[in-house]
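J.: Sequence:
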Amino acid sequence: MRSNFITTVYGSDIPGIIKALAQTTRSQGGEWLTTKVIKLDGQFTAIMSVVIEEELEMDLKSTLERMYPSLHFVYAAAKTTHQEMTKTISLVVDCIDRPGLTGDLSNILANLDIGVENMECKRFSMDGIHDTVFSAQLTLAVPEAAESEIIAGEIEALSEDVRVNVL
Numbered sequence: 012m013r014s015n016f017i018t019t020v021y022g023s024d025i026p027g028i029i030k031a032l033a034q035t036t037r038s039q040g041g042e043w044l045t046t047k048v049i050k051l052d053g054q055f056t057a058i059m060s061v062v063i064e065e066e067l068e069m070d071l072k073s074t075l076e077r078m079y080p081s082l083h084f085v086y087a088a089a090k091t092t093h094q095e096m097t098k099t100i101s102l103v104v105d106c107i108d109r110p111g112l113t114g115d116l117s118n119i120l121a122n123l124d125i126g127v128e129n130m131e132c133k134r135f136s137m138d139g140i141h142d143t144v145f146s147a148q149l150t151l152a153v154p155e156a157a158e159s160e161i162i163a164g165e166i167e168a169l170s171e172d173v174r175v176n177v178l
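Residue numbering for the sequence shown follows the working numbering, starting at 12 and increasing by one per position.
If you are wondering where the hints come from, they were derived from the structure by calculation, not from laboratory data.
Owing to the predicted nature of the structure, the values given are computational and were not obtained by experimental measurement.
In this text, a Cβ means the ideal position worked out from N, Cα and C, and glycines have one as well.
Incorrect hints may appear among the rest.
[As the list claims (entries may be wrong)] So the derived label-pair ranges between C-beta atoms look like this:
no.: 1; residue 1: Glu65; residue 2: Lys30; range: 21 to 29 Å
no.: 2; residue 1: Thr45; residue 2: His83; range: 40 to 48 Å
no.: 3; residue 1: Phe84; residue 2: Gly139; range: 44 to 52 Å
no.: 4; residue 1: Glu155; residue 2: Ser38; range: 36 to 44 Å
no.: 5; residue 1: Met137; residue 2: Arg37; range: 43 to 51 Å
no.: 6; residue 1: His83; residue 2: Asp115; range: 27 to 35 Å
[Said to hold, decoys possible] Within a straight-line C-alpha distance of at most 20 Å, the following computed EDC-like cross-link-like pairs (lysine to aspartate or glutamate) qualify:
no.: 7; residue 1: Lys133; residue 2: Asp108
no.: 8; residue 1: Lys90; residue 2: Glu128
no.: 9; residue 1: Lys133; residue 2: Asp172
no.: 10; residue 1: Lys50; residue 2: Glu131
no.: 11; residue 1: Lys98; residue 2: Glu65
no.: 12; residue 1: Lys90; residue 2: Glu65
no.: 13; residue 1: Lys133; residue 2: Glu158
no.: 14; residue 1: Lys47; residue 2: Glu131
no.: 15; residue 1: Lys133; residue 2: Asp105
Make a model of the complete structure from these sequences and hints.
T.: See below:
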């Protein structure tokens, strides 16, 4: 029987590390179904959905940890739940930054039962204003019947300076 699990790995961004991890996984009989990689300031994090024969799973995990001792690995079982029909929408959220903003945004999405597929937040100073600007690009998994404008309106209700653009 085949096993499906999620591996999160993080550490220093070494040239060719993602390719090496993929080759090691393949050489042990595993396969990556999906992968997301983030690199920032000399560090990286990758999350992979891995499929492998059940009896080979522990060998793969121990091989990865032995071959890459400077990296940190976290494992979790992949959820195999029935998913309703969904579509993907992309939004850009811009506003004046404040403490707790990312958490408030995450809470709104969770309360709407919206899956966040990707969320990239940036904070930066702009000429002409004396505040820091918050900008987030979001890719969301929403029910097929959901309307982008209604979701945007819920987010804009955070405060009067929040602007949401549906892409």
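J.: Taking the hints in turn, state whether each one holds.
T.: We went through each hint and held it up to the structure:
Separation of Glu65 from Lys30 is about 26 Å and conforms to the stated range, judged on CB atoms against 21 to 29 Å. A hinted range of 40 to 48 Å is violated for the C-beta pair Thr45 and His83, which are about 20 Å apart. At roughly 46 Å, the beta-carbon separation of Phe84 and Gly139 lies within the given 44 to 52 Å, and the hint holds. Range check, Glu155 to Ser38: about 41 Å between beta-carbon atoms, so the 36 to 44 Å window is met.
Take Met137 and Arg37: their Cβ atoms lie about 46 Å apart, and the range 43 to 51 Å holds. A hinted range of 27 to 35 Å holds for the C-beta pair His83 and Asp115, which are about 30 Å apart. For a cut-off of 20 Å, the pair hint linking Lys133 to Asp108 stands: about 10 Å separates their Cα positions. With a C-alpha separation of about 15 Å, the suggested pairing of Lys90 with Glu128 holds against the 20 Å cut-off.
Taking the CA atoms of Lys133 and Asp172, the gap is about 17 Å. The hint holds against a cut of 20 Å. Of the pairs offered as hints, the one joining Lys50 and Glu131 holds, with about 12 Å between alpha carbons and a cut-off of 20 Å not exceeded. As the CA atoms of Lys98 and Glu65 are separated by approximately 32 Å, the hinted pair breaks the 20 Å bound. The straight-line distance between the Cα atoms of Lys90 and Glu65 is roughly 16 Å, inside the 20 Å bound, and the hint therefore holds.
Simply put, Lys133 and Glu158 have alpha-carbon atoms about 26 Å apart, too far for the 20 Å limit, and the pair is violated. Taking the CA atoms of Lys47 and Glu131, the gap is near 13 Å; set against the 20 Å cutoff, the hint holds. The suggested pairing of Lys133 with Asp105 holds, with an alpha-carbon distance near 10 Å, which does not exceed 20 Å.
Hint violations for this structure: numbers 2, 11, 13, all remaining hints satisfied.
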